[in-house]
Amino acid sequence: DVKVTQSSRYLVKRTGEKVFLECVQDMDHENMFWYRQDPGLGLRLIYFSYDVKMKEKGDIPEGYSVSREKKERFSLILESASTNQTSMYLCASSLSGYPSYNEQFFGPGTRLTVL
Amino acid sequence: GQSLEQPSEVTAVEGAIVQINCTYQTSGFYGLSWYQQHDGGAPTFLSYNGLDGLEETGRFSSFLSRSDSYGYLLLQELQMKDSASYFCAVRDKGTGANNLFFGTGTRLTVIP
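These protein sequences, in sequence, are chains A and B. Residues 147 to 261, numbered by this note's numbering, are exactly what the first sequence covers, in order. Residues 20 to 131, numbered by this note's numbering, are exactly what the second sequence covers, in order.
No wet-lab data here; the hints were simulated from the structure. Nothing false has been slipped in among the hints.
If you want the footprint, here are the derived chain B segments under chain A, 3+ residues with CB under 8 Å: (1) 42-52; (2) 59-67; (3) 120-131.
Heads up, the beta-carbon is just placed ideally off N, CA and C, and yes, glycines get one too.
Just need the whole structure built from these sequences, with the hints factored in.
Have a look at this one:
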């Protein structure tokens with residue numbers, strides 16, 4: 147059974163803290179993604195990676211960075227957490243190539259609250 | 020830029036049929052995908068249409084008309100467990116990478 151796991155389901159941090167969100171997939175997928183989900187705004191792409199050590203900015207990269215040192219692991223970093231980064235963070239992965247990339251597999255999400 | 024429009028909410032009766040529409044505006048169209056997300060859960064892939072026409076998977080069907088820049092998800096014999104949010108998605112433009120652009124979602128409520 148394919149699986150994407152995220153390090154925490156719930157996280158509470160203070161403003162200004164550095165926050166690490168970890169995502170691991172066991173499907174040998176080339177592509178990995180980080181989204182944030184807020185009510186009424188759908189899924190917004192923060193960063194994605196199509197290979198080890200490769201990263202691309204999504205639609206809302208400001209205030210975030212990422213790291214992909216191994217194929218199975220994709221980390222999202224909030225350099226200095228702010229209250230407007232309180233959100234649900236979803237990690238996903240997919241194979242490359244058409245049409246496989248249309249099927250993304252999502253982790254359970256991390257609900258981050260920044261106080 | 021690109022955009023996806025879908026209704027924010029739909030309510031339907033158990034046992035009935037419901038259609039969730041999605042219109043898109045994007046450069047370099049590569050097909051339309053649909054995802055389901057239950058409250059508190061992760062999005063899960065439902066279907067993909069790369070060509071015009073209807074794709075059927077059990078009680079769910081998805082339709083695409085590229086000439087109209089329009090697609091829909093059709094849910095038949097609605098069950099209470101179909102209450103969820105449904106997202107349409109297209110491949111994002113121009114990057115050459117395999118990321119998707121998601122609509123804002125349609126919240127389906129199935130009532131007895």
